[in-house]
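S.K.: Chain by chain, the residues run as shown.
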Amino acid sequence: MKKMEKESKNKNHSIERFTKAWAIFIKNPMGKTALIILSVFMLMAIASFFVPFLGPVYHPMTGTDPNITYSTGPSLQHWLGTDFIGRDLFVQLLEGAKVAFIVGLSCAFISVVLGTAIGMISGYAGGIVDTVLMRVADIFMVLPSLVILLILASLWELSIWVIIFIIAIMRWPSVSRIIRSQTLSLKSRPFIEASKVAGASDLRIIFKHIMPNVLPLAFLYMTFRVTSAILVEAALSFLGFGDPGQVSWGMMLQWVWSSGHMFQAPYWLLPPGICISLLTLSFYMLGRAMDEVLDPRLRKEEEGA
Amino acid sequence: MVKAVNNISFSIDQGCSLGFVGESGCGKTTIGMTLMGLLPENASILKGDIIFNDKNLTRFNDEKWRAFRGKEISMIFQAAMNALNPVIRVDEQIAEVIQIHNPQMSNADVSNQVKKMFSLVEIPEDRLRDFPHQYSGGMKQRAIIAMALACAPKLIIADEPTTALDVIVQDQILKEIKKVQKALNTSVIFISHDIAVVADVCKDICVMYGGQIVEKGTREEVFKYPRHPYTRALLGSYLTLDSYDDITVPEIREAPDLITITRGCSFSTNCNCKSQKCQSQTPGWVNLSSTHQALCFEEVIHKEKND
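Residue numbers (our numbering), protein chains in the order written: chain A, 1 to 305; chain B, 306 to 612.
Hints in this document: simulated from the structure, not taken from any laboratory.
Some hints here could point you the wrong way.
Claimed, not checked - Computed list of lysine-lysine pairs in PhoX-like fashion (alpha-carbon distance at most 25 Å, straight line):
id : chain 1 : residue 1 : chain 2 : residue 2
1  : A       : Lys208    : B       : Lys420
2  : B       : Lys459    : B       : Lys420
3  : B       : Lys487    : B       : Lys421
4  : A       : Lys208    : B       : Lys529
5  : A       : Lys208    : B       : Lys369
6  : A       : Lys187    : B       : Lys376
Just so you know, these numbers come straight off a predicted model, no measurement behind them.
I would like the entire structure built from these sequences, with the hints used as guidance.
M.R.: Structure below.
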């Protein structure tokens with residue numbers, strides 16, 4: 001009986017902790033704004049999954065309105081208008097939101113996981129391992145990712161997943177640099193020595209003691225990586241080297257440019273541009289707000305009293 | 306090459322306590338780190354053995370050390386404030402030590418053991434899940450002691466465990482250590498520059514100077530009848546209400562340079578006796594009783610005694 005009481009108390013405790021963390025996050029105006037914008041985009045991305053049920057006319061890539069043969073402005077039937085072959089722009093915008101999330105999040109995830117692991121190992125091991133890993137990081141860091149992507153994309157038709165993977169591979173070094181420097185300072189802190197004294201192995205120290213300390217930083221960089229991945233993919237698509245079978249915001253901009261509607265169809269040009277800016281901005285703000293929640297040292301003392 | 310610690314020999318029995326006193330940089334912590342196998346990369350053991358329960362620790366490889374540390378010998382650090390990982394809950398950190406050495410132990414058993422340790426060092430159970438920054442300095446030090454004790458080691462090295470704590474908390478922590486030592490029959494090596502602390506806890510005392518033990522004996526012998534000039538100076542620097550008549554307060558002079566001193570007594574530059582012999586010859590051990598020894602020349606000891 002007493003045990004059950006205790007368990008429920010523990011459970012309440014973790015819920016309480018979550019609500020407190022949530023309170024810190026939501027109190028931050030940046031966090032609040034980011035969350036509102038992101039949830040709107042999230043809704044758009046989710047909505048894109050339901051568009052096909054409206055009929056083949058609304059397919060973002062192949063669905064053309066048979067009655068329209070040129071670009072039209074907003075109307076009841078096509079909320080944002082259509083492009084030059086009669087495809088619905090609003091549907092394309094929804095699809096673009098989905099693609100932006102996929103590109104941004106998976107790129108960020110891959111590059112941050114890679115960067116954090118390499119940074120921690122490099123910083124902790126030191127010596128020759130550190131030198132080799134960091135020189136490799138230097139090499140990757142000076143490679144211009146967009147140019148390399150352009151070259152690769154002009155040689156082969158890259159699918160969206162290959163593009164994601166390449167961006168991620170190009171983007172880990174700066175994360176690992178930051179994580180390495182953090183690891184270097186953590187390594188000389190007494191609690192690392194204390195866990196050595198307790199008999200912990202190197203891997204255990206890296207993943208149990210150093211990782212939780214660098215995780216806030218890694219998360220922070222993850223949100224920044226999301227931003228840069230979305231931008232790179234948009235740039236690539238705008239230049240015409242994106243996945244040709246995939247609608248994205250950058251692709252919409254490419255179509256508006258290549259079809260010569262740049263200055264004739266603001267209803268076509270502006271939405272994807274604004275969406276790209278807003279989404280990247282809100283991911284950045286999310287990162288800043290999250291940093292405060294994830295790092296217990298930044299929390300107010302009263303929280304645990 | 307610097308011989309940070311030279312010619313050290315001591316032994317400690319199960320359940321006993323041994324204290325090392327000396328000034329900063331005399332090699333106290335180096336001894337502790339050597340016993341843990343955690344010497345910095347640019348340091349090495351040139352000669353000698355460390356025998357612990359018939360095992361020669363100097364022959365251990367990394368793997369063996371890892372299984373050994375924390376289980377047989379553990380350490381209480383001087384910087385308790387920083388010896389806990391700031392982003393991991395305290396109970397998890399103590400549980401980790403237990404899990405490292407008993408990987409087959411069930412989670413319930415581990416958490417029971419953690420609770421036992423916390424009640425031993427008198428931290429209330431509802432503070433178990435706190436983060437280190439929510440603890441006070443004394444509580445952190447208790448948590449560190451609980452961590453050091455988690456696997457019931459046979460020897461604990463306490464490296465200035467009460468530095469940076471105020472005297473009341475200091476007293477509590479010392480009592481805690483003594484209580485725990487009695488309860489678990491653990492041996493304790495106490496490293497401190499605070500004579501009062503060492504006198505409080507330890508039965509045997511080693512006084513260190515310049516990387517060497519210069520005088521060793523029981524607590525009473527060393528404190529009541531100090532024979533080595535350095536010990537006398539050290540005790541003289543410690544102000545008490547009932548002052549020692551025969552001890553003069555020493556002036557502060559520089560510690561010996563361990564690189565340049567190759568001959569003679571390492572204390573000779575600071576010693577009051579100023580005999581020619583001290584600069585040319587290395588002193589040997591003088592037996593004063595069966596337990597009391599000093600690293601000095603017989604005539605110097607007798608001269609000082611008669612002064």
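S.K.: Is lysine 487 of chain B within 25 Å of lysine 421 of chain B, Cα to Cα?
M.R.: 16 Å, holds
S.K.: With a cut-off of 25 Å on the C-alpha distance, tell me whether lysine 459 of chain B and lysine 420 of chain B pass.
M.R.: Roughly 20 Å separates the two Cα atoms, so the pair holds.
S.K.: Does the alpha-carbon distance linking lysine 208 of chain A and lysine 529 of chain B stay inside the 25 Å limit?
M.R.: Status violated; Cα separation ~49 Å.
S.K.: Given the proposed pairing of lysine 187 of chain A with lysine 376 of chain B, does the C-alpha separation stay at or below 25 Å?
M.R.: The hint holds at about 23 Å.
S.K.: Hey, lysine 208 of chain A versus lysine 420 of chain B, does the alpha-carbon distance stay inside 25 Å?
M.R.: Since the Cα atoms of lysine 208 of chain A and lysine 420 of chain B sit roughly 21 Å apart, the hinted pair holds (cutoff 25 Å).
S.K.: Within 25 Å, alpha carbon to alpha carbon, are lysine 208 of chain A and lysine 369 of chain B?
M.R.: Distance of about 21 Å is within 25 Å: holds.
The structure does not agree with numbered hint 4 stated previously, though it agrees with all others.
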